[in-house]
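Residues per chain, in single letters:
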Amino acid sequence: MNIVILFLLLAGIGVSLLSGTADGVLAALQSGASDAINTVLRLSGAYLIWMGLLNIAEKAGLIRTLSRLLSPALSLLFPNAGKAKEAISLNLAANMLGMGNAATPYGLRAMRLLNESNPHPGVATNEMCTLLVVNASCLELFPATLVGLRASCGSVRPLAVVVPTLLSSFAATLVAVMLCLTFTRQCRSRS
Amino acid sequence: MPVAILIILLLVYAAFRRVNIFQAFCEGAAQAIPLMKTILPTLAVFSAAMAVFRASGAFDLLSSFLSPALNVLGVDPALVPLLVVRPFSGSAALAALSDIFTQYGPDSRTGLTASVLLGSSETVFYTLALYFGSVGIKKTRFAVPAALLSLFTSVVTGLLLSSLFFD
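Chain order of the listed sequences is B and E.
Quick note on our numbering: the first sequence kicks off at 1 and runs consecutively.
Quick note on our numbering: the second sequence kicks off at 1001 and runs consecutively.
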């Protein structure tokens, strides 16, 4: 990220100097930064409403229900998860409901529990790798932030992207799961 | 319509489970404020850098330089900033998406494709650093290649599905 920002700034300011528009640099920087406030304000509606609704969902036990539904699939993906299994399923359930903030603490707890039974500290176990890969490709059941930002930017069809988004993230998650299963199987047959 | 039904179902279910809906909603919404505070600095830096990059003409230079290669792949050069920052920072990706919405509109082909790309991918490197960093993992084994392949899949299917759905 550091390199990306540095590149954008150096290239932007450099080209302005060369093309003689360097006086506009400060104005562009400041208007860009205040655009950030606008973006946050545009997101605020989606964040406030969805985080409110999702907290209702959590209080109603929806994460627990979903994590119970996920548990057979998880036994296949994480055969040696042991006591980390509950945290893993809560992490994935929260991610699927689009509650990234609720998901992270569960994910970190799962990592810690997995690490406790790690025979080689510093080397990721199969379960740790799988947890990471599934988190890095996570299937969200409804992309609320995205739809909210689209709507507040004046889209007449904010929901038009939902189906392709779900299909595409499903494909990514499927690939992630297949790769994890292949790698872990290979490791087990070798050992 | 489907969202409205989802919300009704959630509220009815929660009321049935005797959740204090007002209180639970307020507690959840309260968490949105620190979240917005956290993302603002990243958004500001990225938006400012992006604004200079665009206003100076550097963006046009880069896209005309990249467009022959990107045209072969069928990728709109306007999507490049989003694709570059997506694996590193969710906030910067939101800034890139919002920049695309301002420049081209959320319902333009670029805006629609960008939405699908952002919605179907994750901040792979950030997740990696956070999760493995928390337990001091140095050897990540198959996690990085598998996560990157999954990211690559989401980009390819995102582009393909966009041309299927939006053309």
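Keep in mind the hints are simulated off the structure, nothing from the lab.
A virtual CB, placed ideally from N, CA and C, is assigned to each residue, including glycine.
Watch out, some of these pointers could steer you wrong.
As the list claims (entries may be wrong) - Simulated restraints on C-beta separations:
{"#": "1", "chain 1": "E", "residue 1": "F1165", "chain 2": "B", "residue 2": "S117", "range": "43 to 49 Å"}
{"#": "2", "chain 1": "B", "residue 1": "G154", "chain 2": "E", "residue 2": "F1065", "range": "28 to 34 Å"}
{"#": "3", "chain 1": "E", "residue 1": "V1072", "chain 2": "B", "residue 2": "S19", "range": "26 to 32 Å"}
{"#": "4", "chain 1": "B", "residue 1": "N38", "chain 2": "E", "residue 2": "Y1013", "range": "50 to 56 Å"}
Q: Could you see if the CB distance from B:G154 to E:F1065 stays within 28 to 34 Å?
A: 31 Å, holds
Q. When you take the CB atoms of B:N38 and E:Y1013, is the distance between them in 50 to 56 Å?
A. Hint violated: Cβ distance 35 Å, outside 50 to 56 Å.
Q) Using the C-beta atoms of E:F1165 and B:S117, is the stated range 43 to 49 Å upheld? A) 45 Å, holds
Q: For E:V1072 and B:S19, compare the CB-CB distance with the range 26 to 32 Å and indicate the outcome.
A: 29 Å, holds
In this structure, the one hint that does not hold is number 4.
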